[in-house]
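Required output: the full structure, derived from the provided sequences and hints.
Just so you know, the protein sequences line up as chains A and U, in that order. Heads up: the first sequence begins at 1 in this note's numbering, then just goes up one per residue. Heads up: the second sequence begins at 1 in this note's numbering, then just goes up one per residue.
Hints in this document: simulated from the structure, not taken from any laboratory. Heads up, some of the hints might be wrong.
As the list claims (entries may be wrong) - With a Cα cut of at most 30 Å, we get these calculated DSS-like pairs of lysine-lysine:
1. Lys116(U) - Lys256(U)
2. Lys191(A) - Lys404(A)
3. Lys110(A) - Lys225(U)
4. Lys113(U) - Lys191(A)
5. Lys191(A) - Lys194(U)
6. Lys305(U) - Lys292(U)
7. Lys225(U) - Lys222(A)
8. Lys279(U) - Lys222(A)
9. Lys404(A) - Lys55(U)
10. Lys225(U) - Lys336(U)
11. Lys304(U) - Lys61(U)
12. Lys293(U) - Lys305(U)
13. Lys404(A) - Lys116(U)
14. Lys404(A) - Lys61(U)
15. Lys279(U) - Lys404(A)
16. Lys132(A) - Lys379(A)
17. Lys191(A) - Lys87(A)
18. Lys183(U) - Lys135(U)
19. Lys404(A) - Lys292(U)
20. Lys215(U) - Lys256(U)
21. Lys318(U) - Lys279(U)
22. Lys222(A) - Lys113(U)
23. Lys194(U) - Lys110(A)
In this text, all values refer to a predicted model and were calculated from it rather than measured experimentally.
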Amino acid sequence: MARLRVGACLLAGMILAGAMAADGISERANRLHFSSLVIDTHDDTTQRFLDGGFDLGARNPLGSIDIPRMREGGLGAIFFSIWMPSKITGPEAVKRALDQFDAVREEVRKHSNDLALVTTVEGIQEAHKHGKIAALIGVEGGHMIASDLSVLRVYAALGARYMTLTHSGNAEWADSSTAIPEHNGLTGFGKDVIREMNRLGVIVDISHVSDKTFADVLAISKAPVFASHSDCRAICDAPRNMSDDMIRALGAKGGVIQINYHVGFLSQEFRNAEKAHPEWNKAIALEVQRRCGEREGCQLIEGDRITREYVMRGDLPRVAWTKIIDHIDRAVKIAGIDHVGLGSDFDGANMPFGMEDASKLPKITQALLEKGYSEGDVKKILGENTLRVMAQVERVSHELNAAK
Amino acid sequence: MGHLRASLFACVVMAGFLLSQVATGDDIADRAHKLHFSSIVLDTHDDTTQRFFSKSFDIGKRNPDGHIDIPRMREGGMNAIFFSIWIDGRTMGPPAVQKALDQIDAVHENVNKYSKDFAFCRTAEEVRRAHAQGKIAALIGVEGGHMIGNDIRVLRMFGDLGVRYMTLSHFYNDEWADSSTDKPVHNGLTDFGKDIVREMNRQGIMVDISHVSDKTFYDALEVSKAPLIASHSSCRALCNHPRDMSDDMIKALAAKGGVIQINYEKSFIDQAYKDASDKFSGGVVAMMDTLKKECGDNEECLNKKMTEMADKATAEGKLPHVSWERIIEHIDHAAKLAGADHVGLGSDFDGANMPEGMDDCTHLPQITEALMRKGYSDDDIRKILGGNLLRVMEQTERVSREMRAAQ
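Dropping the structure here:
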């Protein structure tokens, strides 16, 4: 049974490799990509687990992530995001977050032939060696700890390896980039949260936070920090993206910017069109509500689908996947090759044309080689840089615990 | 330094040995001492967790009050403890979940802080390993199904955080199980309650039937694929309290391989005390309610006031004296009824009024000696001290493995 499955897998892989060659992926790029540890630090697929009716093990016509497409795209490690809107706070947020932890953990247990829940660099490497996809957990928004360090510690115990300090709204102790500032960055308690994350070995994620929060974090954190899914403001001026100065400072601290594939963060043109027609966003939101009700996984998937319909009609501009490469290249030029990685936002954002799902990831490798990046440099971007930050965060945690 | 500590330890052991010699000076005392201090002495119910939130309490130091800390556990030979996660049964939903997490974290943090003395354990095997390394095995039990917020996913996360038993209810009914001290509304377990029991089996979390109504008990017994425990209950035949177990219940529990872990609370082990207490304060539940007005949600305060109130009433002659030997009578009754394989210890230390002579965990060796004097074999005593509970843990673990494999 097991042997049959492996055989079928190999055969499928060969057929696919053939197909991808036609898709413009060179043999060299294919070899490099599928021998690399490819890590994606931000995927909102968790919401689909909760909706029910979604099977991670089967190829799905919608959305961007499932095991067959992760295999096809050579994705070796994935951070499943625990997320809910910032307006949900306090104990309600805590309970809902636990539900999502459970959803990820159950899904991984259910597909233990393909996935392994891990929390360390060693765990990722071990899973990779055994041909499994490493599954990790990131908490997207500090509002979910309900201003309670015990809850933060419990999340870490349940496997959370990064926490984004805020989502779109401010947390009780940190300002977001997309809300009116009320804390001037991090509050005193917010700084305690960072210190505790350092001690626990939870990566501090500065995606979504305000520039002042980012600056405060850099001053406080004893370990490198990362942006799990952010782009370059120099190319697309969204507050959620990072300025060149921020990228430089992040790099100087040993951190990594993990490039987000969302069209609204990649393309200034798209962003301008959206801004010029706020009524479209409203219409999209209404249609999403009509199709999905309160099912958040569905909302994320349908949001992407309906946005595409606007693009097909010519209302919103068509953004090509190669914009991702522009952002990677910009960040590399600013901060250096050691400070850029991948944080797709799959299943939680609007994907550009040509990067509809995880199966398309080898195109990134191909494009970077074409741009003249060395194989070693490509490997860094695909995952090694992220692993380095994780390893440093682990070391700082050991040191802080030993010093106690 | 290590050498100094070793000599110090030798001194303490010798002093302890001499003291026991002086105190009793007979062969049984000597044999009992040796047996006690070579056994795994496991207590399935301690409310010490509440004290972790008090600035004045340090489990690493000898405390003038309460019943549990590392020095006294060492002195009493208590080497495995279930820290209880507990909040008032009327707090439900998400706030209950968060408070439970705070307490689980407090146990983890204190175990980490004293990692030279404690080892956090999730399995019987880990408890045995901790014992072999001279450490105290620390485990977690959740005292009340209301803390899962009516959400089976939260139950699983508790399991992943190391919770190894859950009491289906506390003093009040929860959303899916009736309590023995509340008006029945579910006729035992609801269908969801039965799903909870099945999920506990699958997760390897022991089903604890202390506190639940008789009907809930029989429902749980029927549904559970693993043996059940009563983490802290005594015998109704000796003290007719609804929180205690009838002879029929004890027999049925044992027939399924379970264990009744005897509770030391005065009003659960002594009929005269229970009757007087009912008259004096309306019983334990009503007394806790009265004190809650004074202490609010501060559980440490609650336990302290409860002890003070009971001690004062006893001193004034309003409540009778209860000797620790009542504990032995309950153990003996349950053992005669169901066999020595089905009895254990669930003190309720730091959460109840202790009988005279069992003022804290340093007095535990008295239990071993008393059982020996009653003619219990060394093997049977070891089982009562902890072996029986480890057997149930192992069976629960096996059922969990089988259910997961069958999925």
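Do the hints match the structure? See the list:
no.	hint	in the structure
1	Lys116(U) - Lys256(U)	37 Å, violated
2	Lys191(A) - Lys404(A)	18 Å, holds
3	Lys110(A) - Lys225(U)	22 Å, holds
4	Lys113(U) - Lys191(A)	23 Å, holds
5	Lys191(A) - Lys194(U)	45 Å, violated
6	Lys305(U) - Lys292(U)	10 Å, holds
7	Lys225(U) - Lys222(A)	49 Å, violated
8	Lys279(U) - Lys222(A)	61 Å, violated
9	Lys404(A) - Lys55(U)	19 Å, holds
10	Lys225(U) - Lys336(U)	26 Å, holds
11	Lys304(U) - Lys61(U)	18 Å, holds
12	Lys293(U) - Lys305(U)	11 Å, holds
13	Lys404(A) - Lys116(U)	14 Å, holds
14	Lys404(A) - Lys61(U)	18 Å, holds
15	Lys279(U) - Lys404(A)	52 Å, violated
16	Lys132(A) - Lys379(A)	19 Å, holds
17	Lys191(A) - Lys87(A)	22 Å, holds
18	Lys183(U) - Lys135(U)	43 Å, violated
19	Lys404(A) - Lys292(U)	37 Å, violated
20	Lys215(U) - Lys256(U)	16 Å, holds
21	Lys318(U) - Lys279(U)	10 Å, holds
22	Lys222(A) - Lys113(U)	22 Å, holds
23	Lys194(U) - Lys110(A)	23 Å, holds
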